[in-house]
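Student: Spelled out, the chains give:
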Amino acid sequence: MAVAGRRYSRRSMVPWYRGKRTQKAIKDVLAFSILTLGAILFIAPFFWMLSSALKRPEHVFNPNWIPNPVAWNNFPDALTSVPFHIYFKNSAIIAVISTAGTVLSASLVAYSFARLRWPGRDTWFAIILATMMLPGVVTMIPTYILFSRLHWVNTFLPLTVPAFFGGGAFNIFLLRQFFRTIPMELSEAARIDGASELRIWWQILMPLAQPALATVIIFAFNGAWQDYMGPLIYLSSEDKYTLQLGLTMFKAGGGGIPMWHWMMAASLVVMLPVLIVFFVGQKYFVEGVTLTGIKG
Amino acid sequence: MTEATAARPVREYKRPFLTPWRREALTGYAFAMPWIFGFLTLTLGPMLFSLYASFTSYNITTPPHWIGLGNYSFIFLQDPRFRISLYNTVYYVIVKTPVVIVVSLGLAMLLNMNLPGQRIFRTIYYLPTVITGVAAIFLWVWILNPEGLLNRALGLFGIRGPNWFYDPAWAKGGLVVMGLWYIGGPILIFLAGLNGIPSHLYEAAEIDGAGTWAKFWNVTIPLLSPTIFYLVVTNIIGAFQVFNSAYVVSQTAGSNPGDPAQSLLFYEVYLFIRAFKGSMEMGFACALAWILFVIILIVTGIQLWLSSRWVYYES
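Chains as they are written, first to last, in this note's numbering: chain A, 56 to 351; chain B, 38 to 352.
Quick caveat, the hints were computed from the structure, so don't treat them as lab data.
Even for Gly, the Cβ is constructed at its ideal location relative to N, Cα and C.
Among these hints, one or two may not hold up.
[As the list claims (entries may be wrong)] Simulated coverage check for chain A against chain B, where a stretch passes if three residues somewhere in it have a Cβ under 8 Å from a Cβ of chain B: (1) 163-169; (2) 227-237.
[What the hints assert, rightly or not] Each pair of labels, with its calculated beta carbon distance range: (3) A/R172 to B/Q340: 36 to 46 Å; (4) B/I131 to A/V151: 36 to 46 Å; (5) A/E243 to B/A206: 51 to 61 Å.
[Stated by the list, open to error] For lysine-lysine, the following DSSO-like pairs were computed, each having C-alpha atoms within a straight-line distance of at most 27 Å: (6) B/K252 to A/K82; (7) B/K314 to A/K306; (8) A/K306 to A/K144; (9) B/K252 to A/K75; (10) A/K79 to B/K314; (11) A/K79 to A/K338; (12) A/K295 to A/K82; (13) A/K295 to A/K306; (14) A/K295 to A/K75.
Generate the whole structure from the sequences, applying the supplied hints.
Tutor: Below you can see the structure in the form of structure tokens.
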């Protein structure tokens, strides 16, 4: 109380521009300006895509921002020139299944590494990290042979099933880091009350790690949606193609001429679902998780 | 547990098989099982095959032919492109990692402030990450063209921009600049990390009279250290493995992968050329891959060892 009293009396003596409120306002205006400036840089590529998507083919390399004339029909033309609804369905099936597999299994595995003690744990964790370190190019062919022996080639299985086996080292590592920041006292209290580890994982850790889980969902969905090599290697019949494979068709275009304007239009449409997932997912950053009442 | 044991008549002092310690160990293995199973069935085999292939002459179409340390001795003793690509890659790792971490942390802190329009701002900063495949590369070559968007923007401030991907001295810089548009991921991870810092810690620091700077160093950084550690480790691994952007950009700007003047000949670009271009030396590429594996392993090992000195965990 004595400290607060002294602070109060000193505050009345500082000039207005050094007052707490003014300082905060200056800080906010500065932050807002930096964010706006950065946002212009970050949105520029998107606007340029939009502009190219609305140009006529002979104007695509023209540096003007505003297309003249505006070729609105690029969008319906691009989307009907290849069977996009089939590709969309395939991409959606793969992305949803593999995202679900990634979140569930990565969080389960990460729980084990962050919150439980067992012999060999640190060695296994080192192996998890090690799997990120070998360039994928050299395991691509043996992996393909493995999947073809399992008769998984030209099915969605190579693109979805591996997600259920831990969801990849990056996600396990990420969730492990977040789980380790949640106070151990919470788990111990639940254990004393007789809760099983499965229950602690699902009812305590998962709700508290919502921002991290939202991050993993956004990454997993984005990764599956934008995956080009996987579908290229494993899917051969056209009715199983994904959107990314469909998009490259515009590069070969009609008679070998790249259809950049169509590609930009179709790319913009393809981006939409990922943006929607992001927009919904970021709700968990705004609302946040409060750990009030717990001291670490 | 204890109640049940106590209720039973005590006949002998034999410990039950499932001691709390054993129970936790079994649960630990059970929870980690999805990954362990997947590793043993899907990942380990192909990894061991590539290790074996690194000691062979192997061009994918015919069976591997054992040549012992032949690939390794050529790489270490006679291969100038190995040295160039390793130099380029290490340069890229050293320049790019701190830039990405500092810029994304700064932006994440701004995006975490209580300001109007934050949801829109966050979406805009994530937008470039969402732009897909071929369209994105096409876009980048156009933006970093000598007369492209970036240089025209710099021109507004009277700065004459470099030739980026057409100039060996600036090509790697161009790639780092290009990478800055893709920091939506690190920003997101930092936002999730900032979100987990309990606000009462800031309030306590304020009562102690801490200013913005003191709060940043004494609350934000320690509590964010697990997140920073994750991003440093994964970004270094990712930068060591830079391939896609470098490969496509160099082919668009020059005629060979790695152009201009081998300035974009990164380790994995070189590995890819060996594996799939010309005579398809997959065995040689596997040897290159395992050398990179060991390099990254050592770098990551050092970071794990140092982490106990600066990474702060709750448990």
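Student: Could you run down the list of hints and mark each one as holding or not?
Tutor: Against the structure, the hints:
1. 163-169: Per the Cβ count (6), the hint holds.
2. 227-237: Result for this restraint: holds, n = 8.
3. A/R172 to B/Q340: 36 to 46 Å: For A/R172 and B/Q340 the Cβ distance comes to about 23 Å; the hint is violated.
4. B/I131 to A/V151: 36 to 46 Å: holds, 39 Å
5. A/E243 to B/A206: 51 to 61 Å: holds, 58 Å
6. B/K252 to A/K82: holds, 15 Å
7. B/K314 to A/K306: holds, 22 Å
8. A/K306 to A/K144: holds, 22 Å
9. B/K252 to A/K75: holds, 16 Å
10. A/K79 to B/K314: With Cα atoms ~59 Å apart, A/K79 and B/K314 exceed 27 Å; violated.
11. A/K79 to A/K338: holds, 25 Å
12. A/K295 to A/K82: Given that 27 Å is the threshold and the Cα spacing comes to 53 Å, the pair is violated.
13. A/K295 to A/K306: Answer holds: A/K295 to A/K306 is near 20 Å, not above 27 Å.
14. A/K295 to A/K75: violated, 61 Å
The structure fails hints 3, 10, 12, 14 (numbered hints given earlier, in ascending order).
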